[in-house]
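Q: Okay, here's what each chain looks like letter by letter:
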Amino acid sequence: AIQMTQSPSSLSASVGDRVTITCRASQGIRNDLGWYQQKPGKAPKVLIYAASSLQSGVPSRFSGSGSGTDFILTISSLQPEDFATYYCLQDYNYPLTFGQGTKVEIK
Amino acid sequence: EVQLVESGGGLVQPGGSLRLSCAASGFTLSDNYMDWVRQAPGKGLEWVGRIRKKANSDTTEYAASVKGRFTVSRDDSTNFLYLQMNSLKTEDTAVYYCVRTQLVGATSIAYDLWGQGTMVTVSS
Chain A
1 AIQMTQSPSS
11 LSASVGDRVT
21 ITCRASQGIR
31 NDLGWYQQKP
41 GKAPKVLIYA
51 ASSLQSGVPS
61 RFSGSGSGTD
71 FILTISSLQP
81 EDFATYYCLQ
91 DYNYPLTFGQ
101 GTKVEIK
Chain B
108 EVQLVESGGG
118 LVQPGGSLRL
128 SCAASGFTLS
138 DNYMDWVRQA
148 PGKGLEWVGR
158 IRKKANSDTT
168 EYAASVKGRF
178 TVSRDDSTNF
188 LYLQMNSLKT
198 EDTAVYYCVR
208 TQLVGATSIA
218 YDLWGQGTMV
228 TVSS
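Chains as they are written, first to last, in my numbering: chain A, 1 to 107; chain B, 108 to 231.
Since the hints were made in silico from the structure, they are not lab data. Careful: at least some of the hints might be erroneous.
Among chain B residues calculated to face chain A with C-beta under 8 Å, some are [what the hints assert, rightly or not]:
#	residue
1	Ala147
2	Gly151
3	Glu168
4	Val211
5	Ile216
6	Tyr218
7	Gln223
8	Gly224
The beta-carbon is built from N, C-alpha and C at its ideal position, and this holds for glycine as well.
Using the sequences provided together with the hints, build the complete structure.
A: Okay, here's the thing in structure tokens:
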């Protein structure tokens, strides 16, 4: 199974900060990667698919980049509603695998 | 309204069985790939299994941890998705989500619609 390693596991940031979260795959996965946001007690929500495509309705402060093994989720200016846990997901092959999550907390 | 609503969770003893249901409204299940994803208490997300759309012969895929014990199926007459879980273990304790899988681009997917989740607790 492909391992997805996210870093950092958690971070503290202030409103307005630029935040980057990385996800590394244990083997090349082309651009078959998505980013998901989950708030406590809620189902996850897709932000980015195919590594860099913004899901409809998601604010443009979210962006994704990368291909192969290294991927980045960037929040250009952190907003109060962005405090949540973020997961990457590879859909290159089976089994699909998620990163372990990155918790973004208020500084 | 386009939505997914899971039901059927609860407390079951190790070795027992449970069937989760997922009612779809506002769209046709058989036109979509549908997945199950779970989340153990305080832990991350784990992919469980998939059923492909009717045009792809309803074939299924499973995580190694559930293969041979869990079965994903669909009833097209009622627009329900199911997860039959047998030989349950304590490590299967989790919130289970049914998820619509949108095929995007040439090879990628996006989980564009999630249910609210149903809790399964495996304990004696």
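Q: All the hints need checking, so say for each whether the structure fits it.
A: Against the structure, the hints come out as follows:
The interface hint given for B/Ala147 is broken, as the beta carbon of that residue sits about 12 Å from the closest beta carbon of chain A, more than 8 Å. The beta carbon of B/Gly151 comes within 5 Å of a beta carbon in chain A, closer than 8 Å, and the hint placing it at the interface holds. Restraint check, B/Glu168 versus chain A: the minimum CB separation of about 5 Å is within 8 Å; hint holds. Proximity of B/Val211 to chain A holds as hinted, the smallest CB-CB distance being about 5 Å (cut-off 8 Å).
Restraint check, B/Ile216 versus chain A: the minimum CB separation of about 5 Å is within 8 Å; hint holds. At about 5 Å, the closest approach between the beta carbon of B/Tyr218 and any beta carbon in chain A falls short of 8 Å, and the interface hint on this residue holds. Interface hint at B/Gln223: satisfied, since its Cβ lies 6 Å from the closest Cβ of chain A, which is below the 8 Å cut-off. At about 6 Å, the closest approach between the beta carbon of B/Gly224 and any beta carbon in chain A falls short of 8 Å, and the interface hint on this residue holds.
The structure fails hint 1 only (numbered hints given earlier).
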